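Chemist: Those protein sequence lines, which keep their order, are chains A and B. For the first sequence, my numbering assigns the number 1 to the initial residue and increments by one for each residue that follows. For the second sequence, my numbering assigns the number 115 to the initial residue and increments by one for each residue that follows.
Worth flagging that the hints you see were computed from the coordinates, not collected in a lab. Some hints could be false.
Stated by the list, open to error - Across the chosen pairs, the derived CB separations fall in these ranges:
| id | chain 1 | residue 1 | chain 2 | residue 2 | range |
| --- | --- | --- | --- | --- | --- |
| 1 | B | Lys183 | A | Met40 | 24 to 34 Å |
| 2 | B | Gly208 | A | Thr76 | 21 to 31 Å |
| 3 | B | Gln128 | A | Arg64 | 38 to 48 Å |
| 4 | B | Arg174 | A | His10 | 29 to 39 Å |
| 5 | B | Asp121 | A | Asn51 | 32 to 42 Å |
As the list claims (entries may be wrong) - Each computed EDC-like pair below joins lysine to aspartate or glutamate, with the alpha-carbon atoms no more than 16 Å apart:
| id | chain 1 | residue 1 | chain 2 | residue 2 |
| --- | --- | --- | --- | --- |
| 6 | B | Lys216 | B | Glu119 |
| 7 | B | Lys219 | B | Asp197 |
| 8 | A | Lys78 | A | Glu62 |
| 9 | A | Lys78 | A | Glu11 |
| 10 | B | Lys183 | B | Glu169 |
| 11 | A | Lys78 | A | Glu18 |
| 12 | B | Lys211 | A | Asp57 |
| 13 | B | Lys211 | A | Glu44 |
| 14 | B | Lys140 | B | Asp180 |
| 15 | B | Lys140 | B | Asp121 |
| 16 | B | Lys211 | A | Asp56 |
| 17 | B | Lys216 | A | Glu44 |
Just so we're clear, the structure is a prediction, and the values are computed from it rather than from any experiment. Yeah, the Cβ is synthetic: ideal placement off N, Cα and C, and Gly gets one too.
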Amino acid sequence: DAGVIQSPRHEVTEMGQEVTLRCKPISGHNSLFWYRQTMMRGLELLIYFNNNVPIDDSGMPEDRFSAKMPNASFSTLKIQPSEPRDSAVYFCASSSRQGQQVQYFGAGTRLSVL
Amino acid sequence: SQQGEEDPQALSIQEGENATMNCSYKTSINNLQWYRQNSGRGLVHLILIRSNEREKHSGRLRVTLDTSKKSSSLLITASRAADTASYFCATEGGSEKLVFGKGMKLTVNP
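Using the sequences and the hints given, assemble the complete structure.
Modeler: Put into structure tokens, the structure is as follows:
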């Protein structure tokens with residue numbers, strides 16, 4: 001299995017631009033999580049899906065952030081418009097109930113908003 | 115809000131020594147997990163201990179859990195330079211979500 005795949009690995013954009021991060025979870029996993037990691041705030045859960053349905057989006061910072069999971073093998077996290085304070089590493093992770101909620105992380109997308 | 119808090123925040127040891135990291139948490143849990151993150155990489159699961167377990171081993175890793183004190187420790191024996199990484203504890207309280215601590219940076223000097 002290829003593991004959780006995220007793209008792009010690096011994204012540099014200018015303030016005000018739209019940014020779309022992509023994630024392909026491990027096949028057969030039914031839960032998908034989006035995290036943001038910064039030095040100041042550590043690892044924060046933004047939103048998670050179960051069976052493609054958003055369950056908890058309480059960590060989404062504001063309306064500029066949105067996430068979708070149109071099918072079991074693909075999810076996107078969109079920031080529109082982006083701001084410099086959005087600069088961070090964004091991780092996607094997936095898990096299965098059979099796996100006792102062990103999460104498997106992608107390599108992350110490093111976002112820099114100038 | 116952060117659930118787990120690792121202690122110490124940074125640890126530097128020599129190769130071959132043991133490394134002990136502690137984690138404290140605040141609410142009841144189903145299980146507690148430890149993850150490792152190498153620089154520039156995603157987190158990798160190391161070991162899971164259920165709330166009804168007190169100790170668990172996996173290779174050079176030993177995890178203990180004291181639910182009365184709401185604390186856990188991760189011991190890495192005979193450390194290697196390749197163990198240099200950040201280590202996170204994460205708690206799962208029955209909602210599928212994991213709540214991660216801020217992590218602890220371990221440096222193993224060759």
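Chemist: When the hints from earlier in the document are held up against this structure, which numbers fail?
Modeler: none
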